[in-house]
Amino acid sequence: MAKGITTRASDYSKWYLDVIDAADLAEHSAVRGCMVIKPNGYALWENIQSQLDAMFKETGHQNAYFPLFIPESFMKKEAEHVEGFAPECAVVTHGGGKELEEKLYVRPTSETIIWSTYKKWIQSYRDLPILINQWANVVRWEMRTRLFLRTLEFLWQEGHTAHATRQEAVAETKLMIDVYRRFAEEYLAAPVFVGVKTAAERFAGALDTYCIEAMMQDKKALQAGTSHFLGQNFAKAFDVTFQDENGALEHVWATSWGVSTRLIGALIMTHSDDNGLVIPPRLAPIKVVLVPIWKDESQRAMMVEATDRLTKGWKGRIAFKVDDREQYRPGFKFNEWEKRGVPLRVELGPKDLESNQVILVRRDTGEKIAAPQEGLLEKIEQLLEEIQSALYQRARVFRDANTFEEDDFQAFQKLIEEPGGFFWVHWCGQAACEATFQETSKATIRLIPIDGSKEQKAAALFAASRRPLEYWWQNLISRIALILQPCGVRRIL
RNA sequence: CGGGGCGUAGCGCAGUCCGGUUAGCGCGCCUGGUUCGGGACCAGGAAGUCGGAGGUUCAAAUCCUCUCGCCCCGACCA
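Per our numbering: the first sequence = residues 9 to 501.
The set of hints was computed from the structure by calculation and includes no laboratory data. Accuracy of the hints is not assured; some may be wrong.
Stated by the list, open to error - Here are the simulated lysine to aspartate or glutamate pairs, EDC-like style, with alpha carbons at most 20 Å apart:
no., residue 1, residue 2
1, K22, D32
2, K329, D19
3, K329, E344
4, K228, D19
5, K244, D216
6, K341, D29
7, K320, E386
8, K85, E258
9, K376, E393
10, K227, D19
11, K227, D408
12, K341, E305
13, K227, E426
14, K329, D316
What the hints assert, rightly or not - If you anchor each label on the Cβ, the simulated ranges turn out as follows:
no., residue 1, residue 2, range
15, K320, R404, 35 to 45 Å
16, L257, S21, 30 to 40 Å
17, L183, D29, 31 to 41 Å
Glycine included, every Cβ here is placed at the ideal spot set by N, Cα and C.
Use the sequences and the hints to build the structure in full.
What follows is the structure in structure tokens.
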């Protein structure tokens with residue numbers, strides 16, 4: 009069937025790499041831990057970028073660009089931030105053949121360089137809010153890497169906003185995690201849980217880290233995006249103050265939020281199958297591929313001409329490709345475009361020409377549909393939307409079927425190993441208990457839900473569990489943690 | 001940094017233990033022909049500092065020493 013692609017069942021990690029290879033998305037570079045994103049992979053990123061960028065603009069943000077290099081002294085200003093990032097930073101010590109007076113960190117994230125700049129931009133409440141995003145590359149010296157999921161250098165966007173009040177900053181943090189949720193659901197076709205991280209998993213320097221967590225086909229979690237409420241930590245570290253309406257001097261409130269090329273990893277692991285990549289139509293660089301079929305030279309000319317006629321007027325309306333290469337037979341082409349995840353294939357052969365029809369083949373289901381040539385573009389557009397929503401539904405059903413509630417810790421320890429999945433469980437809010445969870449079950453707390461959907465249940469479960477009241481974290485008293493299997497690929501920030 | 005594995009054609013590998021023709025095989029690539037509704041076939045062809053350096057030897061991909069790099073497992077991971 010799919011030559012060269014390891015099945016998911018036999019070796020999931022190998023399958024993941026095989027899919028990337030088969031779809032020609034990326035490859036390892038000469039530099040350890042760094043990847044080359046090839047045209048097919050980059051086209052996906054460009055589509056992700058343009059959609060997200062539009063969503064950022066809609067919510068009032070503007071793009072800007074800050075330097076790759078950050079003076080060491082900046083990195084060291086915010087205590088938690090230093091501690092969190094120092095171990096994984098690349099540091100430049102020489103420039104122009106001379107040792108630098110002050111070392112320069114290659115940005116692992118840009119809070120420090122940005123807040124040192126915001127200090128100059130902000131004097132009055134009239135200067136706020138500042139709503140800026142930047143598309144950039146960052147470097148984090150990870151010990152183990154996997155293509156798209158964790159590499160030393162990766163591409164991302166990082167939003168950095170400044171506000172006059174706590175409420176406004178919190179609202180911004182929530183707004184942006186909701187933008188990410190919408191993007192994941194409507195474009196990646198990936199259902200996500202939204203919540204906040206525990207203190208242990210929080211961004212270094214944040215008061216709260218909101219996240220979206222998606223379930224991959226191996227039932228493990230992938231952190232797909234984070235949005236941080238930074239409080240006044242960076243404003244204090246960089247002494248960024250403003251005068252309010254009453255003339256009082258106050259520190260500015262901050263947020264930051266980001267998603268990265270890891271989303272491509274999420275896309276692969278959410279939808280792809282043993283035949284290769286599956287791309288949700290809305291993000292597909294090529295949405296339809298047309299394969300004319302012929303037996304001899306004269307037929308070839310006829311079929312290519314028919315294909316041209318059929319696609320007349322499609323340009324600018326839909327991203328399509330006609331594969332009329334002579335050196336490959338149809339079967340080869342079918343397979344090639346399947347591996348590459350093109351959502352829909354149109355076959356057009358002599359028989360179809362006679363009966364004024366085409367054969368449509370869905371990448372997600374493999375279903376073949378005979379359709380009239382009349383009104384083909386409309387039919388295709390409709391099918392693409394169907395595929396988009398079918399992919400979401402399929403992923404949703406899979407996730408829900410593998411998400412459980414469990415009251416009993418002993419039972420949970422067994423279930424997390426087999427069958428695995430996501431588990432809503434009790435957590436008292438104490439770091440010590442979180443550590444125990446992780447040590448004894450190899451599970452991590454992925455998030456604490458914020459949408460209130462679990463609160464009733466939590467209260468009930470809490471009563472039933474008879475745990476001492478003081479173990480509950482006051483702010484989160486009715487929340488339950490989402491816990492799941494440990495995953496080598498669990499965070500983006 | 002610890003444990004294990006691997007560097008031979010673009011890719012995947014055999015050959016290395018036990019030194020000895022012109023270093024092979026599959027895929028891919030190039031040329032020509034026949035094919036073409038689910039990964040075509042035939043014929044011909046191009047392509048290699050055997051990771052690097054040094055040594056042993058009449059002779060090294062093969063033996064010895066050093067060295068570089070990569071992969072997997074662990075440690076690490078806001």
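Outcome of the hint check:
no., hint, verdict
1, K22 to D32, "holds (15 Å)"
2, K329 to D19, "violated (33 Å)"
3, K329 to E344, "holds (13 Å)"
4, K228 to D19, "holds (14 Å)"
5, K244 to D216, "holds (17 Å)"
6, K341 to D29, "holds (17 Å)"
7, K320 to E386, "holds (13 Å)"
8, K85 to E258, "holds (19 Å)"
9, K376 to E393, "holds (17 Å)"
10, K227 to D19, "holds (14 Å)"
11, K227 to D408, "holds (11 Å)"
12, K341 to E305, "holds (18 Å)"
13, K227 to E426, "holds (11 Å)"
14, K329 to D316, "holds (11 Å)"
15, K320 to R404: 35 to 45 Å, "holds (38 Å)"
16, L257 to S21: 30 to 40 Å, "violated (54 Å)"
17, L183 to D29: 31 to 41 Å, "holds (38 Å)"
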